[in-house]
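**Q** Letter by letter, the chains look like this.
There are 2 protein chains.
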Amino acid sequence: MDEKGKKAVSVKQLLALSESERLNARVSGMVYSVRDMKDFAFIILRLSDGVTQCVFDKTSPLPAEESAITVVGEMREDARAANGFEILIKSLTVLSAPSAETPLAVSKRKLNIALENELPLRPVTLRNEERRGVFKLREGIVRGMRRYFEDNDFTEILTPKIVASGAEGGANIFRLDYFGQKAYLAQSPQFYKQTLIPVYSRVFEIAPAFRAEKHNTARHLNEYISVDFEMGFIDSFYDLIDVETEMLRSTFAYVREHYAAYVKPNMTLPEITEIPRMSFSEIKERVAEKYDRKIRDPYDLEPEEERLIGRYALEELGCDFIFVTHYPAKKRPFYAKDDPENPKFTLSFDLLFKGLEITTGGQRIHDYDEQIAKMRLKGLNPDDFESYLMLHKYGCPPHGGLGIGLERLMLQITGEQNVRAVSMFPRDTTRITP
Amino acid sequence: MDEKGKKAVSVKQLLALSESERLNARVSGMVYSVRDMKDFAFIILRLSDGVTQCVFDKTSPLPAEESAITVVGEMREDARAANGFEILIKSLTVLSAPSAETPLAVSKRKLNIALENELPLRPVTLRNEERRGVFKLREGIVRGMRRYFEDNDFTEILTPKIVASGAEGGANIFRLDYFGQKAYLAQSPQFYKQTLIPVYSRVFEIAPAFRAEKHNTARHLNEYISVDFEMGFIDSFYDLIDVETEMLRSTFAYVREHYAAYVKPNMTLPEITEIPRMSFSEIKERVAEKYDRKIRDPYDLEPEEERLIGRYALEELGCDFIFVTHYPAKKRPFYAKDDPENPKFTLSFDLLFKGLEITTGGQRIHDYDEQIAKMRLKGLNPDDFESYLMLHKYGCPPHGGLGIGLERLMLQITGEQNVRAVSMFPRDTTRITP
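So the protein lines, in turn, are chains B and Z. Numbered according to the numbering used here, the first sequence terminates at residue 415, and the numbering increases by one at each position without gaps. Numbered according to the numbering used here, the second sequence terminates at residue 415, and the numbering increases by one at each position without gaps.
Honestly, the hints are just simulated from the structure, not real lab data. Nothing here was measured: the structure is a model prediction, and the numbers come from that model. Just so you know, even glycine gets a beta-carbon here, dropped at the ideal spot from N, CA and C. Hints may contain errors.
Once the Cα atoms are required to be at most 27 Å apart in a straight line, the calculated BS3-like pairs of lysine-lysine come out as [as the list claims (entries may be wrong)]:
1. Lys163/B to Lys163/Z
2. Lys(-7)/Z to Lys117/Z
3. Lys71/Z to Lys(-7)/Z
4. Lys117/B to Lys163/B
5. Lys335/B to Lys275/B
6. Lys19/B to Lys39/B
7. Lys117/Z to Lys195/B
8. Lys163/B to Lys195/Z
9. Lys91/B to Lys(-7)/B
Pairwise CB distance ranges, derived in the manner of DEER restraints [claimed, not checked]:
10. Phe23/Z to Asp350/B: 29 to 35 Å
11. Ala45/B to Asp132/Z: 30 to 36 Å
12. Glu351/B to Gln162/Z: 39 to 45 Å
13. Phe23/Z to Ala242/B: 25 to 31 Å
14. Gly360/B to Asp132/Z: 49 to 55 Å
15. Lys39/Z to Ala269/B: 53 to 59 Å
16. Leu96/B to Asp132/Z: 32 to 38 Å
17. Glu285/B to Asp365/Z: 41 to 47 Å
18. Tyr219/B to Glu2/Z: 31 to 37 Å
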């Protein structure tokens, strides 16, 4: 508090003012829109967490939209106004004015612009209430997840993104020149989170991951936020399924409690109780039968098949989510633990949300000899994984984990059609700006 | 809770058990060390947040160190034991055993190994209590910072790390091949955090940053964790200094409250009240005078000079920290706002902690024409910054921000001599593994 009184930048701060402070509230924000009513004007001020209506008697010139202003005024209760009050402006100071009009009106309730045209203009369109709200919701989801991990003995780790080898194999990896050495961008924190299991028993990380996938689809990004956790001392991979279920339930509850303003009626934030689980082979057959569809690839799920599994889960099992378990070993990485009852399959799973894979996880191999053998079987040279294999060599508990694609989760919650819509500044094969 | 009872993986969970549950506590961890006393043995179990002593009557073979085990036993109060209890083992199950002995004993109080030899062995040495404690402390600092930002209306952002141009200029930038396009790894979230100021007023991000600096010193990493914030509607850059001071004070208090076990007697976690501030020119002269040192570079601080400023701050001003303000424009990036009273200098600052720069920050240019002019003066082409300049063109408030190098902060807190010691898996010019 200085001699001029507190300067609020949020609705939250304004609502926390005392009765007497409300007589001369001081607030700074961006001019979202101006409605000139001749003798006075309405100025809608965009604050950090919402908008507020101000009434201005035009004792000084009207500020342009997207000007930064500070006003001093009286907060008056008004049930019709957003947040239950409006501000009668006593003085208005323009801190800065734009040098050009925005290429589209940002204060519309719905921005009517195609995604392809919007993305280059994101520095402007994110000023729109609905748009920025999507990323407040993302913040809420991330906070809710962290709260869950904190409360359940997971240690937060921050692992390197420049790495010497890829965890997921394949060609989908970005190469970079690292002082003359070959280096890569991490596809996932896989090796590190496993390495830290004997250290902390349970770890998590929420950080960028990079995949050089060449296909430009509505569900792929080349850089995304990966929510990873890894747990030691599991009895089976069903422990991971239980933890993910509980984590999502707790996260959605956190969001409903603290971010309700950003959960719009058209969004899906399910009340999770139980999530059904079914094996890869069984759900594949059931879907083929129910929707009269031929099985073309017995080892993988096609996107269309994933959508049908989502439909099946909703129609037959009454749930937006379904765990598909026991994926074929052929399609899982070298660290996936085979099912001892049928080594053609692995103790692994995907989580589908409304027909889209948002999680891949499973139990990992913890025995040294077993891991060496599986590497050889997959055509890999164990010598290339010396650091990683210290985990198995020097002892580690049975463990497993999973990764959640944050943008994919957001995509299904918001009901958007393209994952780019829920990434602030998406990266795809042709886009590295803004 | 299953039929076998809760399985604890942390001291915290054990301490939360009821009196009756303590009679048959079930706990899983790694065998940290074994002391065979002939008729019985002490097994020190490493849990996720500490170690606990178990007494084992040797009814089954002793497990090897670094085995993963589950024990069921009675928790008995014992004032001499760590955490105030020990466990009398009734049954012991080995979940997995290592296939080789660790190359050094991990359970020593102090690992007696040179950093250069330790780093390749980090997957093993992090199992040491003292080592892993350093990164629990880091977790505490990150959590404390986030708590502060959350409580003070900062929105958390997650910005892309693959970018089209560097924010800091210069050659210290990693290039990568991005589907045939040139792309870079972000040196900082600078452009994005500024872009989001008219959107959210205040933002922060804690994420990796990449610098291709060729010098291999004890204070440089090529990948580090950058704690960034940016604030709109500031009156001057002193607002930023006030927020950073308050943020550090509140973070250290949080750590003292919640992470006390990891704050060792040899560490420095100062009680911050005020942090002194002095201009670049003045402190340079004072240090030259007091320590009889010639000023060689009037535009920058040499590492030796930073150390002397730290000494001066402690000796003359009684503080481990000092803000050095008004850096020469020559050495600051194109977005730094010049001091209107003397445009050779900028409205910027560094924060030094025990003689090491841990923060660079300052007020940014918010006016479009001013930014264009400064870019031209610095030899840059404004056309290359079209997305970034939307910020200035379409309106933004006076604003500024700063970045904190998390590992440097940790370096000064822990009193380590090399920043690699406080990065789990450090990246330097020759090191990309483990």
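**Q** Each hint needs a verdict: does it hold in this structure or not?
**A** Results of checking the hints against the structure:
no.: 1; hint: Lys163/B to Lys163/Z; result: holds, 17 Å
no.: 2; hint: Lys(-7)/Z to Lys117/Z; result: holds, 15 Å
no.: 3; hint: Lys71/Z to Lys(-7)/Z; result: holds, 21 Å
no.: 4; hint: Lys117/B to Lys163/B; result: violated, 38 Å
no.: 5; hint: Lys335/B to Lys275/B; result: holds, 21 Å
no.: 6; hint: Lys19/B to Lys39/B; result: holds, 9 Å
no.: 7; hint: Lys117/Z to Lys195/B; result: violated, 38 Å
no.: 8; hint: Lys163/B to Lys195/Z; result: holds, 16 Å
no.: 9; hint: Lys91/B to Lys(-7)/B; result: holds, 24 Å
no.: 10; hint: Phe23/Z to Asp350/B: 29 to 35 Å; result: holds, 30 Å
no.: 11; hint: Ala45/B to Asp132/Z: 30 to 36 Å; result: holds, 33 Å
no.: 12; hint: Glu351/B to Gln162/Z: 39 to 45 Å; result: holds, 42 Å
no.: 13; hint: Phe23/Z to Ala242/B: 25 to 31 Å; result: violated, 56 Å
no.: 14; hint: Gly360/B to Asp132/Z: 49 to 55 Å; result: holds, 52 Å
no.: 15; hint: Lys39/Z to Ala269/B: 53 to 59 Å; result: holds, 57 Å
no.: 16; hint: Leu96/B to Asp132/Z: 32 to 38 Å; result: holds, 35 Å
no.: 17; hint: Glu285/B to Asp365/Z: 41 to 47 Å; result: holds, 43 Å
no.: 18; hint: Tyr219/B to Glu2/Z: 31 to 37 Å; result: violated, 24 Å
Hint compliance for this structure: hints 4, 7, 13 and 18 are not met, and every other hint is.
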